[in-house]
Structure formats: C-alpha cells, structure tokens
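Residues per chain are reported as follows:
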Amino acid sequence: MIEHVTPIDPEGLHRSPAFAQGMITPPGPLVFVGGQNGVDAAGRLLDGLGAQTEQALRNVLAVLAAAGSGPEHVAKLTIHLDPDVDPDEAYAASAAVWPYRTAVTVLAVPPARPGALVEVEAVASIPSVGA
Amino acid sequence: MIEHVTPIDPEGLHRSPAFAQGMITPPGPLVFVGGQNGVDAAGRLLDGLGAQTEQALRNVLAVLAAAGSGPEHVAKLTIHLDPDVDPDEAYAASAAVWPYRTAVTVLAVPPARPGALVEVEAVASIPSVGA
Amino acid sequence: MIEHVTPIDPEGLHRSPAFAQGMITPPGPLVFVGGQNGVDAAGRLLDGLGAQTEQALRNVLAVLAAAGSGPEHVAKLTIHLDPDVDPDEAYAASAAVWPYRTAVTVLAVPPARPGALVEVEAVASIPSVGA
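Protein chains in written order, with our numbering: chain D, 1 to 131; chain Y, 1 to 131; chain W, 1 to 131.
Keep in mind the hints are simulated off the structure, nothing from the lab.
Keep in mind that this is a model prediction, so the values were computed, not measured.
Possibly wrong hints are sitting among the right ones.
Not everything, but these chain Y residues come out facing chain D in the computed CB check (under 10 Å) [to be verified]:
| hint | residue |
| --- | --- |
| 1 | Leu45 |
| 2 | Leu46 |
| 3 | Ser94 |
| 4 | Tyr100 |
| 5 | Ala103 |
| 6 | Val106 |
| 7 | Ser128 |
Built from N, CA and C at the ideal position, the CB exists for glycine as well.
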C-alpha cells in the first residue's frame, strides 16, 4: 500500500539531481495548484526573474499549506518560463525556496499576464492526518 | 472527509473573483479532458475568438457530462491562448458558458491545430452517485 | 465501480481515431510522468524529430513500467512540439511506439532544453495487482 508520493527513476533513464522522472501519488485527495506568477499579496508583480521565481514558488507553497499538503507531497511541477529568460537562472533562484525533488515539465512559454516571466503550477497529494 | 472539490484561497495570496488559487479533489475517480479547440460536431473550426472560446468550453462540458462529472467538479482548467489574442476578450467570451470558479493556468501558447486560437483542457472529480 | 481507465467520447463531439476526448481514472494511485525529451540513457539528445519523438515516448513507457503502470492505463498525454515541426510528422513517428488511444493536448511550444523538438508528459492510473 503506497502511503506517500514516491519518485520513479528507471535505470534506463538519465538520472537528474534536480527532478524525478515520475512520481506516484497514493490513493486519496489531491490538490491542484493553479498557475502562480511572481505576484505578492496585493496583486503586484515583482521585478526580475529571481524575485518572480521565488515569489511564484512561495505562492505554490502557501496554497499547498492551506490544503493540508506541502512540497514533500508534490507529484509534478509545471514550470513555464518566458522564452527570453535563462532556465538555469530560474533554477538557481528556485533552490532557495524549493528543496524537494519531484517530476517536472519546463517549457519556454510566456504566461498570459503581461510582464510575468514565470508561471508555476503543481499537483500534490494530501496526506491523511496521522499517516 | 472531503466529498466535493474545494477551493483553496490562502490569506496571503491575492484573491481573484475569476479563479481559485487551488482546488482539492476528493478521493475517487477523476476525468481528464484532453485539449478542446473551438470545433463543432462535424470537426469544423469555428470563426473568431469568441465563437471558438465558447465552443471549446461547450466541448469540455460535454466530455464532463458524459463522464458523470460537471463544471462544479472541475479542479483545474488549463487555457492556452494564441499569443495574438487578448486574454480579457477570451475571458469575457467564457463567462456566458462557464459560471464556476476553479484553479486555472492561462498561457500564451498556440494550439498545434492551424487556425485554432484557444485550447482548453480540464481535470475534474467524478462524484459518487448520491453523494 | 470503475476499475480501469475509460475513454469518454460524447456523441456531440467529433470522433478521432487518434485520441479520446477524455479519460476516466479509477480510484487509486496515479503516476505523473514529468516532461520527457528525446534523450537516451546517457543524457544525449537524439537527432531529428522522428528519433526524438520515439525516444521521448520510450522514456514515458519506461517510467510507466517502473511505476507498475503502462500505456493502456494512461489518462492523458501532453505533447509539446517545437513550433517549427510538423505535427503530422511527429504523430507518424509516435505510431510505432504508442498504439493506445488516450486523451491528449498538443501544443506548439518549445521545450526549455536547447535543441529539444518534443517534450511529452503523462498521467496514468496504477492498477491494483490482480485487478
């Protein structure tokens, strides 16, 4: 019986320190976090890729926490980066706020909101209390 | 015990009238709706952003209904808009057919089908009969 | 009681031989497969759309197998194709390795990895042993 999200890293695939190739979610409730930009509580978009990336991930963390989940229960992050930004710079900015390996998709896609350089969505398991 | 999709809107995040920051799905079956363009039953692409947006959402609603779900059970919509269209115009067109708040990701991304201005996918909970 | 992923093809929608309009997942564990490019076990990106498409799908299959799932349990594929590639050519290349109909979203989006022409992610059900 699976009780926690579990990374899948098959032998035949290149192993990454940054992400898992797949993640299993246990049976039970999930939380789908809609696309988060680097906006603060007042709805203002922060300035620059580093600040936007950190804030977008903090917003994801806030939604996860409010749902009774957390970063260690995330099954997949989908990260949309404006085509003009450097993925390595965004990854470096994420390291301070996101210490967990999970499955990811990273795409060179502008968010629809003007000026937004990054948009992050997530799906996560919600563990049973006490599990 | 969660029995219905539940919006998550943490205090620290900007609150939107249009969408929830996250949605919880209860345990049980889900339906994944593949990307829907503004095509009619004969496979013809409708003309213009307003007509395509309404039709794409009607197609999502038809798939949800056939799966025993519905718009009030949707956990997330992912909305892909051609980079040349105005997101506010698409949102206005959606209001007539989609009255529910859910988690969303909106991206400036052309659908692969030539001429398609909008593509919408969804994931939703399927409630137990009688629940 | 649903025990297997089930395609949803409502009468009012155009029916495609290539994909289902929606897929139901039964209750139980899921596997989320992160975006797979056409890279081999050594992390090298293969050359050309055909080779990359086949390899990306083989990588998806490897993650599914390692999770106790498989292509017949997939609920949705999300296929990102570089805007300069021909979707029909990618579809033809996929036919050799992916014989199952499922729900799909296909977008004209460059993967973030330089040179990658295709990125495929998946979500699938994990069947109970013996079910």
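Now the hints, each set against the structure:
| no. | hint | verdict |
| --- | --- | --- |
| 1 | Leu45 | 21 Å, violated |
| 2 | Leu46 | 21 Å, violated |
| 3 | Ser94 | 13 Å, violated |
| 4 | Tyr100 | 13 Å, violated |
| 5 | Ala103 | 3 Å, holds |
| 6 | Val106 | 4 Å, holds |
| 7 | Ser128 | 14 Å, violated |
Hints 1, 2, 3, 4, 7 from the earlier list are contradicted by this structure; the remaining hints agree with it.
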